[in-house]
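Engineer: Protein sequences, first through last, are from chains A and B. Under the numbering used here, the first sequence is numbered contiguously, ending at residue 182. Under the numbering used here, the second sequence is numbered contiguously, ending at residue 114.
Hints are computed from structural coordinates only; laboratory data are not their basis. Here a beta-carbon is modelled for each residue, glycine too, at the ideal position from N, C-alpha and C. Heads up, some of the hints might be wrong.
[Unchecked claim] Here's a subset of chain A near chain B, in silico, CB distances under 7 Å, partners left out:
| no. | residue |
| --- | --- |
| 1 | Thr43 |
| 2 | Ser71 |
| 3 | Cys97 |
| 4 | Asp101 |
[Said to hold, decoys possible] What follows is a list of derived Cβ distance ranges for each label pair:
| no. | chain 1 | residue 1 | chain 2 | residue 2 | range |
| --- | --- | --- | --- | --- | --- |
| 5 | B | Gln34 | A | Asp61 | 21 to 29 Å |
| 6 | A | Asp65 | B | Thr24 | 20 to 28 Å |
| 7 | A | Lys176 | B | Asn41 | 27 to 35 Å |
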Amino acid sequence: MSNRIKRVFKLIWAWNEGKEEKWLSEMAQKGWFLKNYNFGLYTFFRGDADNYIYKLDYRSDLNMDTQEYKSIFADSGWEHVTQFLGWHYFRTREDECKYPDIYSDNTSKIQKYKGLLRVLAIIIIVNLFNFINLIFLNQDRFSLFEYNFMSIFRLIVIATLTFLIYGMYRIWKIIKNLEDEL
Amino acid sequence: MVEQNISDYLPLTEATYYIMLSLTEAIHGYGIMQNVEVVSNGRVVLGPGTLYGALGKLENEGLIKQVKPEEVVDSRRKYYVLTEYGKKVVKMEYQRIKKMVHESEKIIKKMGGV
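From just these sequences and the hints, can you work out the full model?
Structural biologist: Structure (structure tokens):
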């Protein structure tokens, strides 16, 4: 592997984004700068060690104005690094930033997490529909292979559903905590 | 857009109030940020996430709208301005805050608080 590029596979869930932001800052202090993120795979480029603050934003809006979005962030000193499934990674030089966060009040932070909650709810509803379909599927004429395959598939759907519901719970907790601070 | 009772929008958050105050004339996002800092004497600093979210919300509610000024200084950026309805809302919020200050003034003075 080239010593100018480092790839790290790491799964960090949405409710731990603070940890992720801190980790990206620590990587920058060691001279590794995030270039790209894709399904748990972080790609870092080598550079001169520097102090950067990283922040994650989430925008579920499909018809969002990406150009306007990025230019508002750029104007206030936040560079758009990469994006993945509605998650946007921004960074700013620690000594140059006016304000160390991309959100300046809890009301707008809550809005961000509510958007995320909405998308999770939609995915759960779709999954639930799949699950109900699987339960009522007539298996009488299934071969053993088909039967085993369906059993595994069913397990995967249940695991996904459980995970998504847990995720919703964690994000709901974040919203509750922010609301308590209002 | 459905126009609700104006009072349904109140109270506005501090960020929203100052964003709306900045939009009596058409300006772009960064202009709003600078203006809010000037108007609030540097007290209110808007994060870009907060500003972008507020602009989308205000536009959906019909309180502000996007415009294309005749002399576009910067064509990459979007320009926003208050709608007539938005003006009503921000004025109503001003009245509300003024009333609150007026009603509480005596009590606060008695506390020796000013």
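Engineer: Evaluate each hint against the coordinates.
Structural biologist: Each hint, compared with the structure:
1. Thr43: 24 Å, violated
2. Ser71: 6 Å, holds
3. Cys97: 10 Å, violated
4. Asp101: Result: holds, 5 Å to nearest chain B Cβ.
5. B/Gln34 <-> A/Asp61: 21 to 29 Å: 26 Å, holds
6. A/Asp65 <-> B/Thr24: 20 to 28 Å: 23 Å, holds
7. A/Lys176 <-> B/Asn41: 27 to 35 Å: 34 Å, holds
The structure does not agree with the numbered hints 1 and 3 stated previously, though it agrees with the rest.
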